[in-house]
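Student: Here's the letter readout for the chains.
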Amino acid sequence: MERFALTVNGAVREIEADPATPLVYVLRNRLGLVGAKLGCGLEQCGACAVIADGEKVLSCVRAVSEFSGSEIVTLEGLAGDGEYSPVQRAFLETGAAQCGYCTGGLIVALTAYLETAPEPDRQGAIAALDGHLCRCGAHADVLRAIDRLLAEGEDGA
Amino acid sequence: MAPNPSLEKNPSLDRWLAIGPGETVAVRSGKVDIGQRISTAVAMLVADELDIDPARVETVRTETGLSPDEGITSGSYSMTQTGEAVRRAAATARRHLLDRAARLLDVDPATLEVDDGTIQSRATNRQTSYWELAAGEPFGIDVDADAPLKPRAALRHVGTPATARDMADIVRGSPHFLPDMSRPGMLHARMVRPPHYHARLEALDPAVPDRLAGEGVRVVRDGSFLAVAAEDEFQAAKAAQRLAAAAVWDKGDGLATGDIYESLRRNQRVSLPVVDGAPVEAPVPPQGDPPDGAAVTLEARYERPYQMHASLGPSAAMAEFDDGRLTILSHSQGIYFLRAALAETFAMAPGAIRIVHAPGAGCYGHNGADDAALDAAIVARALPGTPVLLKWTREEEHAWEPYGTCMSMDLRASLDPGGKIVAWSHESFGDTFMMRPRPGPDRIGPARLLSTRFLDEPLDPPVMGPAMGPHIGIHRNLDPLYDLPGKRLVKHLVRGMPLRVSALRSLGAYANVFAIESFMDELAAEAGVDPVAFRLDHLSDPRGRAVIEAAAERLDPSGADCPEGRGRGIAFSRYKNIAAYAAVVIEVSVTDAAEIRLERCAIAADAGEIVDRAGLAAQLEGGAVQAASWTLHEAVAFDRDGITSRDWESYPILGFDNVPEFETVLVDPGREPFLGAGEATAGPTAAAIANAVHAATGLRLRRIPFTPDAVRAAALA
Ligand code: FES
Ligand code: FES
Chain H
1 MERFALTVNG AVREIEADPA TPLVYVLRNR LGLVGAKLGC GLEQCGACAV
51 IADGEKVLSC VRAVSEFSGS EIVTLEGLAG DGEYSPVQRA FLETGAAQCG
101 YCTGGLIVAL TAYLETAPEP DRQGAIAALD GHLCRCGAHA DVLRAIDRLL
151 AEGEDGA
Chain G
1 MAPNPSLEKN PSLDRWLAIG PGETVAVRSG KVDIGQRIST AVAMLVADEL
51 DIDPARVETV RTETGLSPDE GITSGSYSMT QTGEAVRRAA ATARRHLLDR
101 AARLLDVDPA TLEVDDGTIQ SRATNRQTSY WELAAGEPFG IDVDADAPLK
151 PRAALRHVGT PATARDMADI VRGSPHFLPD MSRPGMLHAR MVRPPHYHAR
201 LEALDPAVPD RLAGEGVRVV RDGSFLAVAA EDEFQAAKAA QRLAAAAVWD
251 KGDGLATGDI YESLRRNQRV SLPVVDGAPV EAPVPPQGDP PDGAAVTLEA
301 RYERPYQMHA SLGPSAAMAE FDDGRLTILS HSQGIYFLRA ALAETFAMAP
351 GAIRIVHAPG AGCYGHNGAD DAALDAAIVA RALPGTPVLL KWTREEEHAW
401 EPYGTCMSMD LRASLDPGGK IVAWSHESFG DTFMMRPRPG PDRIGPARLL
451 STRFLDEPLD PPVMGPAMGP HIGIHRNLDP LYDLPGKRLV KHLVRGMPLR
501 VSALRSLGAY ANVFAIESFM DELAAEAGVD PVAFRLDHLS DPRGRAVIEA
551 AAERLDPSGA DCPEGRGRGI AFSRYKNIAA YAAVVIEVSV TDAAEIRLER
601 CAIAADAGEI VDRAGLAAQL EGGAVQAASW TLHEAVAFDR DGITSRDWES
651 YPILGFDNVP EFETVLVDPG REPFLGAGEA TAGPTAAAIA NAVHAATGLR
701 LRRIPFTPDA VRAAALA
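Each protein sequence line maps, in turn, to chains H and G. Using this note's numbering, read the first sequence as starting at 1 and increasing by one per residue. Using this note's numbering, read the second sequence as starting at 1 and increasing by one per residue.
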């Protein structure tokens with residue numbers, strides 16, 4: 001057991017854990033942040049994605065100790081209480097989820113992409129979802145959400 | 001009204017609906033929301049019948065003892081049974097409440113109007129409300145299955161696209177799924193699985209469980225059933241790995257290897273003719289000579305491998321055993337059946353078990369949900385007073401869920417000189433789809449739960465008899481909707497197949513429609529008739545014709561306007577010949593690497609009266625995407641030592657980089673009974689892809705999946 005200070009969604013959180021614990025367990029079980037899902041634990045499905053220092057990372061294998069100096073943002077931290085980030089709103093309004101198990105990972109991945117891509121486009125957004133799986137087949141609605149986001153971006157919204 | 005089993009089993013209005021405190025209406029459903037958005041549709045139906053805002057409708061979680069028993073959430077019956085039942089329940093409640101309001105206000109009920117629950121008479125300015133009249137009070141009457149519904153023109157919500165309930169929680173990451181739940185004092189549990197179905201625990205180095213116990217890990221063993229539980233989830237995961245390393249398994253003969261398609265032909269089997277969609281106890285008619293008048297006779301064999309549900313979230317359950325009572329959170333699709341099977345397993349009274357549904361990741365049929373509930377219950381019974389959250393791993397989900405059986409279909413048909421089908425034969429071979437833990441004789445309920453075969457007193461997995469109803473199991477959609485003379489239809493239930501199987505979305509319909517609709521194109525080509533015209537020539541059902549025409553209008557299957565190098569294909573079916581009609585047109589290209597790219601897809605469907613347009617479209621498109629994934633990529637692999645499809649690399653599925661542009665047409669037939677739609681596009685999608693690949697390349701692919709290797713092999717053949 002070791003003590004760590006993690007910066008998650010803007011707040012510093014002190015935890016004591018086995019340093020090898022994959023980040024997703026700490027987020028879900030210690031910090032009560034269940035937006036990141038455990039889908040495979042093998043870095044193969046994308047359900048556990050979070051943002052660390054502005055980049056999308058998978059949280060199901062990498063140890064919590066690797067993140068002690070990072071700024072972590074989870075699905076819960078993308079918007080203020082009771083609010084939606086633009087990507088969350090696009091998913092909500094296009095109904096881009098069926099069971100919703102993959103959804104958080106997709107939203108996190110697209111958020112990271114839109115914030116870092118100099119000229120975001122559809123192809124880039126789809127490439128940002130590489131490694132993300134959806135078993136329900138919500139793909140068509142997810143692409144509609146992407147189109148809506150890109151159109152909003154062009155309108156300067 | 002057609003009889004509705006949900007209402008027949010649960011006639012009391014109070015079972016379905018209650019005027020709750022806080023000016024809400026609580027609705028209970030026995031079908032669970034598995035991402036098909038039944039709760040969204042239910043809220044729309046109730047809101048319209050009662051004239052209230054949908055936000056006032058509270059869809060109560062499903063639990064044994066309180067919710068109506070509606071069997072299993074399957075077969076695309078959510079709308080036909082639950083939707084219809086709830087709508088009539090709301091109509092009955094409205095009539096009852098308005099009668100009471102009329103008496104209270106001393107007016108004619110016909111003068112009453114409702115606005116968001118407030119009841120007002122045009123004859124007086126006095127008013128009352130549902131909440132004043134009935135909050136917290138039982139109705140004490142039965143649902144009138146013929147209660148008059150509001151006219152369609154007066155509906156405000158039904159027929160619009162709705163925002164799905166729970167969507168806000170999902171996009172914000174609020175606790176929603178079963179594995180998101182926790183309880184004070186809860187332990188995390190993990191299983192230690194044998195290498196395969198037939199392995200048994202031979203020895204366990206006792207030093208390891210002792211060491212684990214010293215670290216506060218609880219080890220639970222019952223025969224070859226092995227599990228660990230610990231306060232910390234990572235600790236439990238590591239302990240499971242250590243315990244697995246300490247276990248020695250007797251692997252017996254291992255899994256039967258050999259070509260599955262040969263096994264389908266060679267193994268012992270039960271063969272029955274199928275008449276009007278259902279098997280009959282009669283000898284199978286011999287395959288005779290083509291009839292007089294046959295100009296040409298074609299034969300073809302089509303095949304699909306074992307495929308998995310492969311839910312994105314591994315199965316899980318929470319269980320607590322306290323004071324002789326078992327409480328379980330489960331994402332099972334059939335909590336009453338599960339309760340009966342668990343009661344029998346543990347020799348407990350069903351009333352001592354309470355199962356509450358909590359959402360899991362999408363399941364698409366009978367996946368590991370029920371099995372995980374048993375696993376959690378076994379661990380919880382060993383640790384009384386402690387809530388246990390047991391999660392399967394990805395590997396377990398892939399290797400232990402019950403798959404959809406492999407199938408093989410032999411088709412033969414004769415055409416007359418005018419291009420009309422004059423004889424039709426279709427034989428389907430496969431294992432059972434009927435392995436849900438439904439109670440029955442010989443402890444068959446418990447025996448269908450995975451871990452009972454590993455207990456100290458093990459149960460043998462049952463050998464199922466042939467399913468006999470219309471359009472179930474292997475013979476779902478074996479009988480085509482086309483007008484065909486001289487149909488010879490046969491179902492072969494094959495014994496001794498190697499892998500664990502059960503219900504996978506659409507059951508045999510996926511394979512049968514793939515075969516029928518591929519064969520229709522082969523026949524059309526032989527007859528020299530365009531595939532749309534050929535289908536219409538053999539189809540009198542007007543609603544079937546309408547969806548074929550609507551899909552073909554959006555995306556011309558002839559490919560006349562198709563870019564160079566691409567091809568289009570169409571396919572059609574009416575799910576179970578009684579549920580939704582769907583036609584699918586797909587445009588594909590094939591890359592130099594022999595990869596099939598899905599370019600465009602038009603779907604036209606008639607699912608009866610439309611309730612939630614968005615939910616309906618999502619079911620149709622989602623079913624098509626999933627079927628496209630099955631068709632292009634998926635086959636469960638195994639060898640003597642067990643399943644080798646153990647993760648997403650060894651069992652790849654369709655990604656976001658190969659999604660066609662969809663155009664989905666919802667044909668609105670007006671006020672017609674709801675027709676289940678969740679499984680309607682699976683079969684047509686597979687055949688539309690095969691037909692499109694043929695149009696693009698001239699290659700006829702008859703064995704799923706259409707991987708680059710399969711495409712190359714067909715090109716060389
Ligand atoms: S859970 Fe991390 S990628 Fe699947
Ligand atoms: S919505 Fe269910 S896995 Fe994507």
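No wet-lab data here; the hints were simulated from the structure. These numbers were taken from a predicted model, which means no experiment stands behind them. The reader is advised that the hints may include incorrect statements.
As the list claims (entries may be wrong) - Cβ-to-Cβ under 7 Å is the rule here; a few derived chain G residues that face chain H: (1) W131; (2) L133; (3) G173; (4) E231; (5) E233; (6) L312; (7) A614; (8) E621; (9) G622; (10) P673; (11) A713; (12) L716.
Glycine included, C-beta positions come from ideal geometry on N, C-alpha and C.
Student: Of all the hints numbered above, which does this structure not satisfy? Sort the numbers upward.
Tutor: 1, 2, 4, 10, 11, 12
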